[in-house]
Structure formats: structure tokens, C-alpha cells
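Start from chain A and add chain B according to the hints.
As they're listed, the protein sequences go chains A and B.
Residue numbering for the first sequence follows our numbering, beginning at 310 and increasing consecutively.
Residue numbering for the second sequence follows our numbering, beginning at 512 and increasing consecutively.
Hints listed in this document are in silico derivations from the structure and should not be mistaken for laboratory results.
Please note: incorrect hints may appear among the correct ones.
The calculated lysine-lysine pairs, modelled on DSSO-like cross-linking and capped at a C-alpha distance of 27 Å, are [unchecked claim]:
no., chain 1, residue 1, chain 2, residue 2
1, A, K395, B, K819
2, B, K701, A, K551
3, A, K551, B, K649
4, B, K906, A, K383
5, B, K906, A, K523
6, B, K733, A, K365
7, B, K649, A, K552
8, A, K369, B, K739
9, A, K523, B, K819
10, B, K781, A, K395
11, B, K701, A, K369
12, A, K465, B, K672
13, A, K438, B, K819
14, A, K552, B, K733
15, A, K383, B, K571
16, B, K701, B, K649
17, A, K498, A, K365
18, A, K465, B, K692
19, B, K819, A, K519
20, A, K551, B, K819
21, A, K552, B, K701
22, A, K438, B, K781
23, B, K836, A, K383
24, B, K651, A, K360
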Amino acid sequence: MKHLFYVLLIFSCCFPMTVDEILDKSEANDNFITSYSINIEEVFNSDGTVKVSKMKAYSKNGSEKTLMEYTEPKRIQGMKILMLNKGDDIWFYSNRTNRVRKIASHQKNQSANGSDFTYDDMSISDNRKDYSYKLAGEEKYNDKESYKIEFNAKSKDNTYGRFYIWIDKSNFLALGGEFYDENGMLWKKLTVRDIKKSGRYWTAGEIEMKNVQKNSRTVIRAVEIKFDTDLPDDMFTERGLKK
Amino acid sequence: MKISKSLIILLIVFSARSEDQNIRLGGYLESKMSYFSAEEEMTTANALFRLEGNYDVSEKGKIEAHLLYYYDMQPLNPFSGFRDGSIYDQIIDKYYQESLDQIYMVLDEREKILLYKLLEIYSSGYFDHVSYSTFYPKEKLVMDRALIKLYFGSCDLVFGKQQIAWGTGYAFNPTDIWNIKDPMNPDGSKIGVLAANADFFFGDNSSLNIIAAPGSDFDNMKYGFRIKSTAGRYEYSFSAIRDKSDDGAVLRIPEKVQLGVDFSGEIINKIGFFGEFALSNPRYKGMEMSETDSLYAQFCSGFDYTFKNGLYVLGEYYYNGLGEKDYKDYDLLSFTRLTAGSMSGLAENYISAVVSYPFLNDYTFTLISLINSDDSSCALIPELEYAFHQNISIKLNSNIFAGSSTRTEFGGLLNKFSLCVTGYF
Numbered sequence: 310m311k312h313l314f315y316v317l318l319i320f321s322c323c324f325p326m327t328v329d330e331i332l333d334k335s336e337a338n339d340n341f342i343t344s345y346s347i348n349i350e351e352v353f354n355s356d357g358t359v360k361v362s363k364m365k366a367y368s369k370n371g372s373e374k375t376l377m378e379y380t381e382p383k384r385i386q387g388m389k390i391l392m393l394n395k396g397d398d399i400w401f402y403s404n405r406t407n408r409v410r411k412i413a414s415h416q417k418n419q420s421a422n423g424s425d426f427t428y429d430d431m432s433i434s435d436n437r438k439d440y441s442y443k444l445a446g447e448e449k450y451n452d453k454e455s456y457k458i459e460f461n462a463k464s465k466d467n468t469y470g471r472f473y474i475w476i477d478k479s480n481f482l483a484l485g486g487e488f489y490d491e492n493g494m495l496w497k498k499l500t501v502r503d504i505k506k507s508g509r510y511w512t513a514g515e516i517e518m519k520n521v522q523k524n525s526r527t528v529i530r531a532v533e534i535k536f537d538t539d540l541p542d543d544m545f546t547e548r549g550l551k552k
Numbered sequence: 512m513k514i515s516k517s518l519i520i521l522l523i524v525f526s527a528r529s530e531d532q533n534i535r536l537g538g539y540l541e542s543k544m545s546y547f548s549a550e551e552e553m554t555t556a557n558a559l560f561r562l563e564g565n566y567d568v569s570e571k572g573k574i575e576a577h578l579l580y581y582y583d584m585q586p587l588n589p590f591s592g593f594r595d596g597s598i599y600d601q602i603i604d605k606y607y608q609e610s611l612d613q614i615y616m617v618l619d620e621r622e623k624i625l626l627y628k629l630l631e632i633y634s635s636g637y638f639d640h641v642s643y644s645t646f647y648p649k650e651k652l653v654m655d656r657a658l659i660k661l662y663f664g665s666c667d668l669v670f671g672k673q674q675i676a677w678g679t680g681y682a683f684n685p686t687d688i689w690n691i692k693d694p695m696n697p698d699g700s701k702i703g704v705l706a707a708n709a710d711f712f713f714g715d716n717s718s719l720n721i722i723a724a725p726g727s728d729f730d731n732m733k734y735g736f737r738i739k740s741t742a743g744r745y746e747y748s749f750s751a752i753r754d755k756s757d758d759g760a761v762l763r764i765p766e767k768v769q770l771g772v773d774f775s776g777e778i779i780n781k782i783g784f785f786g787e788f789a790l791s792n793p794r795y796k797g798m799e800m801s802e803t804d805s806l807y808a809q810f811c812s813g814f815d816y817t818f819k820n821g822l823y824v825l826g827e828y829y830y831n832g833l834g835e836k837d838y839k840d841y842d843l844l845s846f847t848r849l850t851a852g853s854m855s856g857l858a859e860n861y862i863s864a865v866v867s868y869p870f871l872n873d874y875t876f877t878l879i880s881l882i883n884s885d886d887s888s889c890a891l892i893p894e895l896e897y898a899f900h901q902n903i904s905i906k907l908n909s910n911i912f913a914g915s916s917t918r919t920e921f922g923g924l925l926n927k928f929s930l931c932v933t934g935y936f
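With the rest of the complex left out, here is chain A (with noise of 0.2 Å):
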């Protein structure tokens, strides 16, 4: 039997992991069961300016279930989004009107809050669904072995034509993309910082997205994260948008 095992060990070794392992891989690293955090939004726009804004935001389920809630700036404060079923159904509240409205499929690719995340960005879609994937190779990233993934488009609809995600060897947690429009130019450049261990959980304590083709970018910065704190289920429902 401690042979079997041996001969295992060592024929797993000498077989590269598929793709589809490695997505699987990465995508265990949310399998926290509820995530609390309060972030800062800094967009830095092409001529100078910079927006700042603030938001708590909650997940339950490996962030099946996401809403977020903007406490800064006073224009837009309480205003809510909930994510679900990873993103593939957006909702969107403002206390002002009172008002829960689905967001349609065609505004998913919009930028979120004037943003270089898009709604699609901001949600834990399975690329794996809309892109088609392959593994591009392996190097070095920002100093990490790394496997590069590439995502193609099947629809013209999808926010990018093509993007790259590379995630760390030793982790399986996304360091980066380069995310490209249909017509095959870089459009966005993706930078995961700060990754560290919280608990039993990896997470990225700073995430900048980089619009190349409009020289901005917006880092979202997590100030406070805690794991498997008790979230009600009501909370990720329309319900709970307006209480």
C-alpha cells in the first residue's frame, strides 16, 4: 500500500497539471464559508484627478453571494449591489429611490461607479463558461513561477476578446492579467498585491486594474477583512437590499 502511494506520488509529479485543475485550484482559495471587508476605491483618472471611495462589502459561499454597499462619497451613500450566483445575476439599489433594479446582461461590461473595474470585473464569473481556455505556458511573474492561462471569447458580446490570468505555482492565486478588446489591443492590465495568509485563507490586500488605452487605473485597497464571521442568508437577497 505505502508503495502504491509512492508510485502515485511520483506519477502525478511527472504529469503536468491540466488547466481545468489549475482554475479548480485557484478558485478553492474562496472556499471561505462568509467574508467580511471594508475597502478603499482610488480611481486616478488620466488628468490628475483622483476619486475616492469607500465600501463594505460582504460574501458568503466562496463569493457565490456578494453585496457591496457604499458608505463614501455622500453622493452615491447606501448605495448597494448584490452579486449572485457568481456574478451572473447583478442587482443594484439606490436608497434615494428606493428602487432594486436588475442590471441587464449588456450593462455587466459598463464600468462600476466610473471605475476600470467593469460590473463583469467585479463579480467572480466563471470565465470558464463564456471564454474558451487554454494553458499558455509557464514563466515567471513578478519573480513567481506561474501559469499563464489564456481566455479566448465565443461571443462578440463578452467584455474582452481575449485576456491572460497568471497564478502562482506555489498557491494557485491569480497574480495578474492583461486583458485585450476584440480588436486584439491591450486594453487592461490587472496587479494583485499584498497577498498574504488571513487565517486559514489567502487573500490580496490590494488590487489595481489599469486602463491602458485611457491611462487611468483604480487600486481597491482593503483596510479591515475578516473570514467566517455569522452573515445571515437575507442579507443576499432583494429584501435585504432595502432594509
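Frame of chain A, contents of chain B only:
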């Protein structure tokens, strides 16, 4: 002066309590100046201050109060937004003459002379100028929201003045009897309704909403329900409502029963698709509910789409069963129904189109067009919004009307140019 004092006291009270984390305060100040292009050029200026207070009592309930304070620096005579000889002028003149004829019949000679002199002063425009000082109210304090929310297991109860919004249409909402929709200002805020409102939730996306809005007596009361659910990527609802109000009684709008359906979802290529249908049965005096002579339908349906470059387009069609196909049939009743919100236009068929495009980080250009396809008149509302700061926006917009000034709905309105600055706190 009394109003200003109350406002200051309220602010002080709220400020003193705002250290409590369960209390949230916010709001905005909006200052607007408008210029009306007419032979006698007119300008107006007003300011709106909105104070929003929320207090989370506990997980079981919440208190919410929004206070609105309007200050008209230069209020506008409500009847001076029309061109001379417009259909609105014609309707008002006709009604005025008919009323005058009736009054003259019961007056003696001396009273007739007195009335004639008074009317002469009024028509000389004297009051238009006095209006800038005392004739029209300059300031107004309104409690727009004042409500208590109670959360039970699968039910939420809301008592008090609250915002209620039904329907999925953009420029038109025939199923929404709670608000008077202005298709030329589709995003305008909705005024609070005093009501008792119960929401029963079943599943994640389905609910039953029961509402009763009291009037001066039990008879002048609106009540009904709305069931809402989802099917695939579609959201839909059914509603039934009995509508009778004190305002309606003043305007001689009869009691009505309305059945409604609305939906929103997507069709091919992720194009948004929405619509509303309302079937109404007004109960005129002497008629039974079962009679269908007065039955009328209103519906709207439209699509919207956002292109990858941010360009947003929307198109919507509105059928108004209460409207008229011929401008000659626009009368006082049509005007009253429009004012009371029973319909969103004088005619039968309307098309609305919206184009919106954000550019240069801080600017958004929007163009709303509204076409009355029966009398071939239209309203164009271009707007440029500039985000001067995260909490300050500047809007420059205009209402441009096209069509015969004497025979069409929109052609009879005065072109308007406005500058609006809003600061949030």
C-alpha cells in the same frame, strides 16, 4: 421664517445625535435657474434642500425621515409656461369663458363691473410681477418620507410616508398609480405616499406586496396588491388596485379599478426588453362596475442596450387609451387627466427615445426625445452633466419643443434652458 427656524432646529437635533453610529444623515442642496424663451422673456430660480435621516433601531426595525425644503427665489406663474394661443391656452380660455358666463348670470350690474375690473387687473400682468414678492408661496417645507419599518420573519411592514415605485417602463409607467410620471423627466424623484405597506417574501425572488393609502375618509382610499416573481432571466409582476383619492375627487377623477402586468428581461444579443400593461375601469357616477363602456387600456413596451463604448440607447412606445387622436379633441377633461396623472400625455400614441454617452471621465451627455405621433409634435431634452467633484454635479439642459404652436401638445410649450448645481453632503 417659521419654516427656516424649524429646519435649523431639526438640523441641530440631528447633528447632535449623529455621533450615534445607528443614525445616518445625508442629503443634498440643489440650486436651479431657468430661462424661458418667449416674447416676454422669463427667468425663474429656485433651490431645494433635502435632509435624509435614517435610524436603525435594531435588526427588527428602522426609522426614516426625509425633509424637503423648497425656496422659490423667483416663482413662475403656473400658467405662463405656454405660448399664446397654444392648446393649453385654448382649453383654459374656453373653461374660463364658460365659468364666467355662469357667474355673470347670477351677478347684479354692480358686481359685474367689480368682477370686470378685477379681471382687468389680473390680465394686465400685475400679479405676475407681484408674484416675485408675495403672491405665490416662496418657501415650502415638505416631509417627503417619514416611515417606520418593521421586520418580521418573512414579512416587512412599512408605515408612513414612503416612496412607492411600480412598473418597469422608463418614460411611462401606466401600472404605477402611486406617482405622476413626467415623461420629459423620467428620472425625476418620486414624491412620498402616505400608506401602510406589507411585503411578504417567499423564496429569494418572489414577493406579495399589499398596500393601503388612506384618504380623508374610508371611501377616498387606494388599496391593492402586487405579486412579483422571476422566470429565467425575466422579472414580472401582476397587480390589482382600487384607486380613489381626495386629489382625484377635487379634480373630478372617478374611482377606478386597475389590473396591471409588467415585465423586464432580455431578448437576443442581451438586448433589454421591458413592458407594462394596465387595464382600467373607471366608475363614473350612475354606472355599475360591470359596465365596460368606460374600460380603457394603457401600455408601454421598449428595449435598451449599452454598447461596449458606453453608449446607451433606449426606445419605448406608449399607447394611451384615454388619449385623443385629433388635437381638436384635447379638452379640459384631457388636461385634468394629465394633471392628475391618469395618463402621461394628451394623445394616444407616443414614442420615446433616449441616448446617453459618458465621456472624458466626468461628463455625460443625454438626449431624451418624446414624440407625439398623433399630432406630430415633439420634445427634445438634451442634457450635459459634469461631475465637478465627487459630491457636486453641474447640469446644463434645455427643453426644446417642435410642432404647431396652436394645434399640438408640445408645440404650445415654451422652450426652456436650465442650469442646475447639486451638492451632496
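Here's how the hints hold up against the structure:
1. A:K395 <-> B:K819: 22 Å, holds
2. B:K701 <-> A:K551: Holds, because 17 Å separates the two Cα atoms, which is no more than 27 Å.
3. A:K551 <-> B:K649: 35 Å, violated
4. B:K906 <-> A:K383: 18 Å, holds
5. B:K906 <-> A:K523: Holds. K906 (chain B) to K523 (chain A) sits at ~24 Å (cutoff 27 Å).
6. B:K733 <-> A:K365: At roughly 39 Å apart (the allowed maximum being 27 Å), K365 (chain A) and K733 (chain B) break the hint.
7. B:K649 <-> A:K552: Status violated; Cα separation ~36 Å.
8. A:K369 <-> B:K739: Since the Cα atoms of K369 (chain A) and K739 (chain B) sit roughly 25 Å apart, the hinted pair holds (cutoff 27 Å).
9. A:K523 <-> B:K819: It holds: about 14 Å lies between the C-alpha atoms, which stays within 27 Å.
10. B:K781 <-> A:K395: 18 Å, holds
11. B:K701 <-> A:K369: 34 Å, violated
12. A:K465 <-> B:K672: 47 Å, violated
13. A:K438 <-> B:K819: 20 Å, holds
14. A:K552 <-> B:K733: 25 Å, holds
15. A:K383 <-> B:K571: 26 Å, holds
16. B:K701 <-> B:K649: 22 Å, holds
17. A:K498 <-> A:K365: The given pair, whose Cα atoms are some 24 Å apart, holds under the 27 Å limit.
18. A:K465 <-> B:K692: This hinted pair is violated, its Cα atoms lying about 37 Å apart.
19. B:K819 <-> A:K519: Holds, at about 17 Å.
20. A:K551 <-> B:K819: 30 Å, violated
21. A:K552 <-> B:K701: 19 Å, holds
22. A:K438 <-> B:K781: Cα-Cα ~16 Å, so holds.
23. B:K836 <-> A:K383: Violated, at about 47 Å.
24. B:K651 <-> A:K360: Status violated; Cα separation ~35 Å.
The structure fails hints 3, 6, 7, 11, 12, 18, 20, 23 and 24 (numbered hints given earlier, in ascending order).
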